[in-house]
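Number of protein chains: 2
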Amino acid sequence: MHIVVDREALKEAVNQVSKAVSSRTTIPILTGIKLTATHEECILTGSDSDISIQVSIPAQRDDIELIKVVKIGSIVLPAKYFAEIVKKLPAEHIEIEVLENEVTHIRSGSTEFNLNGLNAEEYPRLPQLEEDQVFSIPAQLLKSLIRQTSFAVSTLESRPILTGVLLKLEEGLLTLVATDSHRLARRSAQVEVNHNLYLENVVIPGRSMNELQRILEDESDPVDIVITNNQMLVKAGRLLFYSRLLDGTYPDTERIIPSTSKTTLEVETKALLAAIERASLLAKDSKHVVKLSIQEERIHISSNTPEIGQVFEQVNAHHIEGEEIQIAFNARFMLDALRVIDSPQVSIQFTGALSPFVIKPTDHEHMLHLILPVRTY
Amino acid sequence: MHIVVDREALKEAVNQVSKAVSSRTTIPILTGIKLTATHEECILTGSDSDISIQVSIPAQRDDIELIKVVKIGSIVLPAKYFAEIVKKLPAEHIEIEVLENEVTHIRSGSTEFNLNGLNAEEYPRLPQLEEDQVFSIPAQLLKSLIRQTSFAVSTLESRPILTGVLLKLEEGLLTLVATDSHRLARRSAQVEVNHNLYLENVVIPGRSMNELQRILEDESDPVDIVITNNQMLVKAGRLLFYSRLLDGTYPDTERIIPSTSKTTLEVETKALLAAIERASLLAKDSKHVVKLSIQEERIHISSNTPEIGQVFEQVNAHHIEGEEIQIAFNARFMLDALRVIDSPQVSIQFTGALSPFVIKPTDHEHMLHLILPVRTY
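Here the protein sequences line up with chains A and W, keeping their order. Counting with the working numbering, you get residues 1 to 377 for the letters of the first sequence. Counting with the working numbering, you get residues 1 to 377 for the letters of the second sequence.
For the record, the hints were derived by calculation from the structure and aren't laboratory data. Just so you know, not all the hints are guaranteed correct.
Identical copies carry no separate label here, and so any pair may be met within one copy or between two of them.
[What the hints assert, rightly or not] Below, a list of computed lysine-lysine pairs in the DSSO-like style, where the Cα atoms sit at most 27 Å apart:
1. 284 x 80
2. 143 x 19
3. 80 x 287
4. 262 x 71
5. 270 x 88
6. 71 x 284
7. 262 x 168
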């Protein structure tokens with residue numbers, strides 16, 4: 001392989017595929033980035049075997065030549081060093097030439113590196129996916145859906161399926177669900193589906209979702225999502241993002257979402273968030289317990305750590321309906337939920353001090369958070 | 001104590017004194033911030049016994065009332081919680097009232113905290129300093145002097161005196177020196193001295209210098225520096241910064257600075273810095289060894305880690321004089337020095353492959369860096 005490539009284009013591509021490369025892998029070749037030059041493009045690949053990212057740099061973009069291919073071919077270069085080198089090279093163009101024994105000569109301005117590469121033949125092949133289950137969604141909407149759900153996945157390996165985000169698709173309605181069995185986040189959106197595509201029990205690792213969220217541009221261009229038995233592929237322009245799916249059956253979470261309510265209140269999202277942030281400053285036990293009660297049309301929030309002190313908050317509710325309630329919950333769960341709700345007001349529906357309660361934005365029906373209370377009263 | 005204080009003024013003062021508070025102290029009361037309200041001001045104090053910071057909030061500033069004192073007095077509040085609480089309080093004013101048993105009531109808007117305080121009588125008193133050895137220096141100049149020297153202090157406790165920065169004052173010339181015995185940084189500046197003040201062997205802990213550098217505003221207002229036998233006090237407006245001095249005799253570093261040179265070169269600071277940054281990417285042994293040689297009026301820089309690869313750099317010198325040289329050194333030492341030199345060009349003076357070499361800006365005589373080479377050739 002022998003190419004001359006535009007530095008900025010290479011830097012961007014290396015940055016993107018590096019996100020899939022882990023330094024803790026047990027497979028030495030996966031510490032590298034694979035480069036493949038054809039006459040049309042240069043393809044970069046990074047992978048930790050769970051997630052793989054592939055980016056192609058076209059030979060030309062907007063009439064500007066990005067790559068000059070002297071000789072086609074492939075090489076795997078150590079990701080950590082290659083990324084740092086590319087970032088610091090002095091000139092606009094970078095010449096990359098594979099010499100004998102995978103030694104790779106990198107030249108830019110008056111700087112020359114010889115980097116020991118690895119044989120690209122030994123790099124694992126990416127899965128070849130049947131593309132019959134495909135739907136489209138704007139990149140920024142997908143980013144929102146992930147941000148608003150994936151924080152709720154379990155971090156414990158005791159129930160591996162809960163470390164993933166459930167993806168469902170029915171009649172064009174895409175729904176993501178995440179739960180760690182103490183709280184749950186659910187978010188839906190209408191998406192573009194060609195055929196009457198129906199998906200259930202597609203469970204994507206939470207870490208994959210977070211990486212995908214980070215790597216996608218915040219733009220309205222649609223991305224295509226391909227689902228197979230054990231893989232998801234997201235196609236965003238010249239970037240391909242692969243993730244394996246989790247094995248197992250995701251629990252039926254719909255049945256734990258209460259359909260009735262004994263107490264309902266509506267409140268400014270930011271005012272409630274700020275009050276709970278302050279209350280959580282003194283909620284220093286392991287469960288970060290904060291108490292909430294309703295008295296005289298006002299929400300009272302309090303917290304207490306005997307050796308440090310107490311806090312008392314009052315927040316005006318717009319609307320309170322139903323029975324009085326005293327309830328205690330983990331402040332972190334409430335903060336996580338309120339922070340991803342972009343709507344100015346939320347409605348909270350309680351069904352008793354020991355039953356899960358539901359938080360929803362007041363301006364649409366596409367998001368729901370559920371939190372299990374803590375027994376203290 | 002019972003006061004109502006402007007939130008922004010309190011937030012700023014708490015931020016500043018918090019920098020002296022360590023959570024790792026073995027003296028429980030030092031995990032707190034001391035507040036003292038008089039009729040004229042509210043004084044906040046934080047200390048880790050090495051460094052103490054005191055900030056006073058005046059009753060009024062620019063005709064705006066910052067403090068209303070209902071009752072004078074003192075209290076010590078847990079720094080970690082108090083700082084977080086102040087940052088998050090909702091209203092413009094904060095009411096602080098000490099109740100029984102040092103329980104302190106903090107009220108702002110509809111938020112109320114009760115925080116367990118400690119008896120201010122038990123807080124250590126700050127040293128009372130004789131102010132007969134004083135000089136003045138603009139804050140931003142002092143910041144520069146510290147930034148350009150303190151990185152070179154030793155981090156090893158084997159020679160404790162080298163963990164400090166030496167401060168000398170002679171005929172109005174202030175000089176700071178730091179060395180870890182492998183490299184040395186020296187920086188001077190003319191300062192304002194009323195009498196013929198002469199200071200030698202004043203050694204300030206490197207950590208104190210770094211904290212001072214961070215806390216000083218980047219402005220041209222002068223700060224006063226008071227030196228006693230075992231304390232330094234820096235007065236910057238309403239902020240007082242105390243540091244203990246190190247015991248012991250600082251070594252005579254002047255005698256190791258070579259006065260002659262066998263090879264001299266002049267080069268663009270940034271070009272040399274960039275080349276050594278790149279070379280250091282592959283200088284991965286424990287000593288970060290980079291080699292430098294001069295051939296045909298050009299500086300050649302290289303580095304080699306067999307299992308990863310090699311790098312070769314060329315940098316144009318403006319001027320080369322004297323013998324050819326091949327020398328090896330720790331890239332980190334060179335990077336540290338070049339990064340604090342604000343001048344566009346540096347001059348480097350070598351006296352042989354195994355002798356210390358000197359780096360100076362070409363446009364003034366007030367800064368010098370010295371680096372001991374590494375034996376490899």
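Results for each hint:
1. 284 x 80: between (39 Å within a copy, 12 Å between copies)
2. 143 x 19: Within one copy only: 16 Å inside, 38 Å across.
3. 80 x 287: Result: close only across copies, 20 Å inter versus 39 Å intra.
4. 262 x 71: Neither, since 72 Å and 48 Å both go past 27 Å.
5. 270 x 88: For residue 270 and residue 88, the Cα distance is within 27 Å only across copies (13 Å; inside one copy 43 Å).
6. 71 x 284: Neither, since 62 Å and 32 Å both go past 27 Å.
7. 262 x 168: neither (30 Å within a copy, 75 Å between copies)
Checked against the numbered hints given earlier, the structure breaks hints 4, 6, 7 and satisfies all the rest.
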